[in-house]
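Take these sequences, add in the hints, and give me the full structure.
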Amino acid sequence: MAHQFFFNPYILDNLPTPASGFDVVQDLSEPRLRMYITSRGVKTFFVRKRVRGADKRIIIGNYPDMDIEEARSAVQTVLDNASRKPVARRKMISFKDFFDLYVANRIRRSEDSQMKMVRSVNLHLTSLMNKNINEITREDVVHVIANIDGRAIAARMQDLLQSIFKYAIEQGYVKQNVASDLPKIEQKRRVRPLNKSGLQRLVGVIEREQDEVIRAAFLMLVYGFAPRSKVFAMQWEDLDFNHDLWCEWPLSDRAVVLLQDLPQNSFWLFPGRGGSHMTDPRTAWRRVARAAGVPNLTMDDVYKFLKRRLEWAADREDIRKNMNNLLDEMLEEC
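By this note's numbering, the letter at position 121 of the sequence shown is numbered 121, and the numbering carries on one by one without gaps.
Keep in mind that the hints were calculated from the coordinates and are not lab data.
Hints may contain errors.
Unchecked claim - In silico lysine-lysine, BS3-like type, Cα no more than 25 Å apart, as pairs:
#	residue 1	residue 2
1	166	184
2	230	116
3	166	131
4	196	91
5	307	43
Bear in mind that the values here come from a model prediction, so they are computed numbers and not experimental data.
Below is the structure:
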């Protein structure tokens with residue numbers, strides 16, 4: 001029987017690896033969600049499903065590439081797809097038209113993220129767009145992947161094509177996945193360039209930023225323990241200063257002081273252009289990162305650096321206390 005507990009990043013990051021073979025653990029919050037831990041330290045979310053009399057283990061994704069909430073949300077969809085029989089279809093459809101169906105029915109991303117993916121596909125998979133999807137061969141896929149500059153982008157396009165053709169099989173448009181079993185594109189794992197002294201330099205540079213909105217938004221990337229997409233989209237109505245909460249997430253003392261001093265002259269805490277919120281101030285960030293001596297630092301590197309060091313706790317007040325202790329430790333000289 002699998003060991004059961006509530007999945008959270010702190011526990012999963014520190015799970016011991018077995019000496020050989022693999023171990024299985026189970027989530028108490030979503031009991032259908034389980035995880036393999038191999039002797040090489042690979043952690044994989046999966047579910048079990050009896051399909052037409054056979055017990056199958058269906059892989060959802062690897063941790064931490066897929067976070068816990070994404071895996072929990074994917075469980076029902078994965079189980080539904082496992083039970084669905086392919087629909088036999090004889091009509092032809094172009095790759096472009098089928099990709100539109102794939103985006104509409106299978107992609108669950110923010111609007112900005114979805115548009116970024118569509119632009120990338122239109123740029124890198126142009127030669128496939130006007131072909132009927134059932135006429136695309138393995139050689140076509142190999143050729144288009146080989147002509148993409150950059151291993152990271154090529155790997156993402158290869159994975160996306162595998163997913164598209166898998167969905168095409170489910171819908172009955174093709175009989176085989178011509179993008180499957182291709183050689184894996186080796187990538188150099190990116191080393192995140194941040195450490196304690198780098199974080200201190202970064203905060204020092206941000207505090208000297210002249211633009212008040214940029215300064216507050218960048219500091220909130222440090223004090224908020226949240227990714228940039230959530231920080232930049234913060235709304236005043238989601239804050240509860242009486243209980244030091246942002247939605248259901250506790251706010252650190254430094255975050256509370258920072259946010260209480262901001263002018264409440266917009267629906268958003270960090271307004272951008274056109275009445276919307278700030279989205280991607282990359283030019284300002286590059287300037288700040290260079291001045292701090294960490295030119296390759298991304299905005300989400302800050303979140304990941306701090307979140308991995310945050311000691312998890314079941315009680316919100318304990319989490320908040322741990323946030324304050326970690327920030328005091330990291331920024332003691334600032």
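Now the hints, each set against the structure:
Straight-line distance between C-alpha atoms of residue 166 and residue 184 comes to about 17 Å, which keeps the hinted pair within the 25 Å bound. The straight-line distance between the Cα atoms of residue 230 and residue 116 is roughly 18 Å, inside the 25 Å bound, and the hint therefore holds. With a CA separation close to 17 Å, the supplied pair residue 166 and residue 131 stays within the 25 Å bound. Taking the CA atoms of residue 196 and residue 91, the gap is near 59 Å; set against the 25 Å cutoff, the hint is violated.
A distance of roughly 19 Å separates the Cα atoms of residue 307 and residue 43; the hinted pair therefore holds under the 25 Å criterion.
Comparing the model with each earlier hint shows a violation of hint 4 alone; every other hint is respected.
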